[in-house]
Amino acid sequence: MWSWIDTLVQGLLLGGLYGLFALGQALIFGVMRLTNTAHGDFIVLGAFMAFLVATGLGINPFVAGALLLPLAFGFGYALQRFPLNGTLGKDPLPSLVVTFGLAIVIQNALQQGFTADPRSIDSMGLNIQGVALTEQLSIGVLPLLIFVLALACTAGLQWMSQRTALGRAFRAVSDDREVAQLMGLRASHVYAMATGMAFVLIALAGTLQGMRTTVSPSDGPALLLFAFEAVIIGGMGSFWGTFAGALILGVTQSIGFRFNPGWGIWFGHLVFLAVLVWRPQGLFPKTKG
Amino acid sequence: MSTPLLQTHGLKSWYGDFQALYGIDFEVREGEMVAIIGANGAGKSTFLKTLTGLLKAPAESVRFEGRAIGGLPPGEIARAGIAMVPEGRRLFPSLTVEENLLMGANTRRHGPWSLERVFSLFPILKERRHHGGTELSGGQQQMVAIGRALMSNPRLLLCDELSLGLAPIVIREIYAALPRICAEGLTAVIVEQDVGMAQQASQRLYCFQEGRVSLSAASDAVTRDQISQAYFGL
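First to last, the sequence lines map onto chains R and S. Just so we're aligned: the first sequence equals residues 1 to 289 in this note's numbering. Just so we're aligned: the second sequence equals residues 290 to 523 in this note's numbering.
Okay, chain R solo, but in the shape it has when bound (with noise of 0.2 Å):
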């Protein structure tokens, strides 16, 4: 029984690491239609360039990872204004092919600048504490501080999209980019301002993930299929969903790693499929028209 609810609570927290990942892959997506093959590998960039600030420094990895935030959100707004508004257009092909070969690159860069070794940012000793609920039942304290974040992101970039101008500003040039212009607007910014956002979430997940376990720079494409994974479970047009499609599929890992170590990708992985036979849309979608 309560090594039920500990695969339960264990399975949420996963989940919650993985909102973090899928939260940047639905803003791109849902504001530009656009898939950001390398997601997975600039989550791994991120890990590896807040391990090189906060060893290169010698500072706090918690103060190395907030330094970083910023630079991700103008690395990603350049990244955006310059190369990816290029690729966008009626075709899909474009973006992904020079996403794909962004993914190539930034794999490679790693591996000759880092070696294949996994590497792992000192947490300051949070990754081995936990808090005893019961007998039992112990969470630790970074797995909740990062579903913690993931929560509040969530509902920051919910309260964002329906509450400020510049989320009145993602909904419309996603809806209809032409009349947008007409409007005033200029999409290549809009577009610009969503991607560094979503970088922004980007460095954040790097860095957690580089807490909560290691990093070696090929792990980036499985990263990648977690985030999509989730966003698609949980079905466009709403953060909460992406968030409550991530914990699904956390939930999910943990109960096939319970039954065996070798089952838990490929338990979320079914569940995924599952969900692309029964409900394509997405468990929880609200995109409109």
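Calculated directly from the structure, the hints in this document are not laboratory data. All clues stand as given, with none of them false.
Simulated crosslink set (DSBU-like; lysine-lysine; CA at most 30 Å straight-line): (1) S/Lys345 - S/Lys301; (2) R/Lys286 - R/Lys90; (3) R/Lys90 - S/Lys345; (4) S/Lys415 - R/Lys286; (5) S/Lys301 - R/Lys90.
It should be emphasised that the depicted structure is a prediction, and the values quoted were computed from it without experimental measurement.
Given chain R, work out where chain S should sit, using these hints.
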């Protein structure tokens, strides 16, 4: 005579390799209401798309307030003071009525139009302000599209096929609002399939045929025969 608010000279336009406009000479003066009529494919909508920057044109072929604006990005033209009510309304489906209206205010131009003024022009929109834009009836959606354009406080309002897909009584209601809008000193160009409506609402009209101007005349002086000849080229 003063210079026209908007003037095109020998305006040509292409959709890819297909030439849609073959040298349009057109002008509209401050405070005028000008109609453009013509059959499907005559180039009316292409003309408006070129004016708003959605299709490219040589800079000198379009002048607005004396400034060459051909080929500028659509956002810049909107900020210069040209607003469009697009064909088929094209409201943003994920935005509420009020949010759709607020999108028009993105040009940050100052003038008489605000949410309150649009709501007093079309009171029904105030009741429906929190509904999704596309949950409304066709006529109400058209009111949102007009309100959205007005929210940018334009000097020139372009209306593409206001009557398309609407019931006659709704069309009359929409057109009844136009004089009230133009009383604010707004200049308007309306593209209209309904020739009678266009003639009634405007002071001057142009008829387009296969990408050329086939008739340009005062709306109350033009005869049915002249129009049908210009319309069909018979």
